[in-house]
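Engineer: Residue numbers (my numbering), protein chains in the order written: chain A, 721 to 1046; chain B, 721 to 1046.
Zero decoy hints are in this set.
Because identical chains cannot be distinguished in the list, a pair is counted as satisfied if it fits within a single copy or across any two copies.
Subject to a maximum C-alpha distance of 30 Å in a straight line, what follows is the list of computed DSS-like cross-link-like pairs (lysine-lysine):
#  : residue 1 : residue 2
1  : 1016      : 956
2  : 1016      : 745
3  : 745       : 956
4  : 762       : 955
5  : 813       : 762
6  : 745       : 955
7  : 818       : 955
8  : 989       : 955
9  : 818       : 956
10 : 1032      : 762
11 : 955       : 994
12 : 989       : 956
13 : 813       : 955
14 : 1016      : 1032
If you are wondering where the hints come from, they were derived from the structure by calculation, not from laboratory data.
2 protein chains.
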Amino acid sequence: MAMLSVEILQNILIRAFSENLVYGKPAELYDPIRYTMELGGKRMRPLLVLLGCDMFGGDVNLAIDSAIGIELFHNFTLLHDDIMDRAPLRRGKETVYKRWNANRAILSGDTMFAMANRYLLRTPPECRAEVLDIFNLTAIEVCEGQQMDMNFETMETVSLSEYLEMIRLKTAVLMAASLRIGAIIGGASEDAAQRLYEAGISLGIAFQLTDDLLDAYGDEAAFGKITGGDIVTNKKTYLYLMALERSDGMNRSALLNLFSSTTGNPEAKIHAVKRIFDSLGVPELTHEAIRSHYEKAMILLNGTGIADGKTKLLRDYAASLMQRQV
Amino acid sequence: MAMLSVEILQNILIRAFSENLVYGKPAELYDPIRYTMELGGKRMRPLLVLLGCDMFGGDVNLAIDSAIGIELFHNFTLLHDDIMDRAPLRRGKETVYKRWNANRAILSGDTMFAMANRYLLRTPPECRAEVLDIFNLTAIEVCEGQQMDMNFETMETVSLSEYLEMIRLKTAVLMAASLRIGAIIGGASEDAAQRLYEAGISLGIAFQLTDDLLDAYGDEAAFGKITGGDIVTNKKTYLYLMALERSDGMNRSALLNLFSSTTGNPEAKIHAVKRIFDSLGVPELTHEAIRSHYEKAMILLNGTGIADGKTKLLRDYAASLMQRQV
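Let's have the full structure, built from the sequences with the hints guiding it.
Structural biologist: Okay, here's the thing in structure tokens:
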């Protein structure tokens, strides 16, 4: 077999998505699913499934159905999250709930979750039950994380450790489960698959903290979205919570005041908040936290006992996720 | 083993629901799930799982987890349907979306669907994949049925065959799948399980038509809800579509006119609509359709080749579903 690369795996996925997904009737139910799945995105999670499988010398073709299932699930969560967050745009296009309505987004999402389970059912029989159990347990945890995120909206203060637990559930467990499911299909021992899962958790947390940082400090052209959105919407990100934790007196009152309304000039608000972040060293501290979680992931990856040559694709891909433009 | 009865099976289920279901954190996610599962209801679908299993001489204890999974799934669909239908009440209590809000109902529902899959994963290994495949395919069909139902709201006319296809998907496939899953766990041959499924489809259609009839003509005290609700909300039930199909001129205009608004005196509207239904013989025709689908179910049940003694519990229970107060 030819040497695999991330690009080859991504091409395998692009072909798999266009060839495998079939949409039924009525059109009102399946049009939003097709629309969502054809919007693209990074296909990060299905790629992690394939990388997890390849790392243990497995045949990635056996992991493609599971990879599709994971991506369907992830997109289902986006459909429902966008209703809950009233998000008008996703990947630069109207969200399903905006383009159609909330009912369509609810029901098409539900259908995608059932479709996801059916794709995961095509896992080779010897590991099917284990994969499905991890998948549905992860699905529950993702819901728990989303509920915590919503709870945070109305809480005055959230500790950094509460925030890290929320992003572990909302974001990291699905990335970790993707790697683990791939590893299991690839023939990993239970112990190695568990260690890879733990590495995936740390990687997922580093990934989300990078997202938080990019939202405030990213290069708009390279990041692909307008920066400062989290600040404008008073989102309690790692940066904001770190700033609150490290500030007192004037800065703290100013921050709380700035985050108490969504009216006013957004540019001025972003500017004022970032000045406070800067004065408290928040971007550097966030960088440091990202580096620390990322390094932990690499140490855990080493702990799986897999030769460096075999983990190179994942390490390179993980590095690329961290080195998005800041 | 002592002779089973429907009452014994129902008691097994009541105990299983209170002993097996565990609720995690955060409370905001799980409180609506607990609330819903503790509201009760007929537990018709899990009972059908146990009846399907017992019929083939299987150990019903092996089917309890699947029965719980099916009930969790059914209740998940209610949470989401109630948002879509803006239904304020369910089983005489506030719906989740009314008591909390739509976001809570969306996310708690999603969690229940994942929980349902985890319960179904506890099916004995030799039939686990088959059961999960039927379950998730059925879940997709239920979504298709719900979408058709929503489509009907804005369509001027719907044919009786379109209506029957909608209730097949929205209601009957889950009842049929419940029986089939129980049968598979009970050791049925593929052919016998398929025949039982077909019987379940006919029974499910008869069940829904009975519901339609009871909504307009039921004894309020015995039926447990106020009659005429479908008429007041302009719901395109079997009765209404049958009336439209059989009427012309005055009656047809009057019906279309009565079903064009939700304002006005509800009592007067119910009275006027039922007068038209009566004049067209709609209740008798609906009775006749119920009888016909029910008889078909019994013929298909005979076709499974199971001795009458073994199907008695299901036949008695099916008869009780048809003989709710009209």
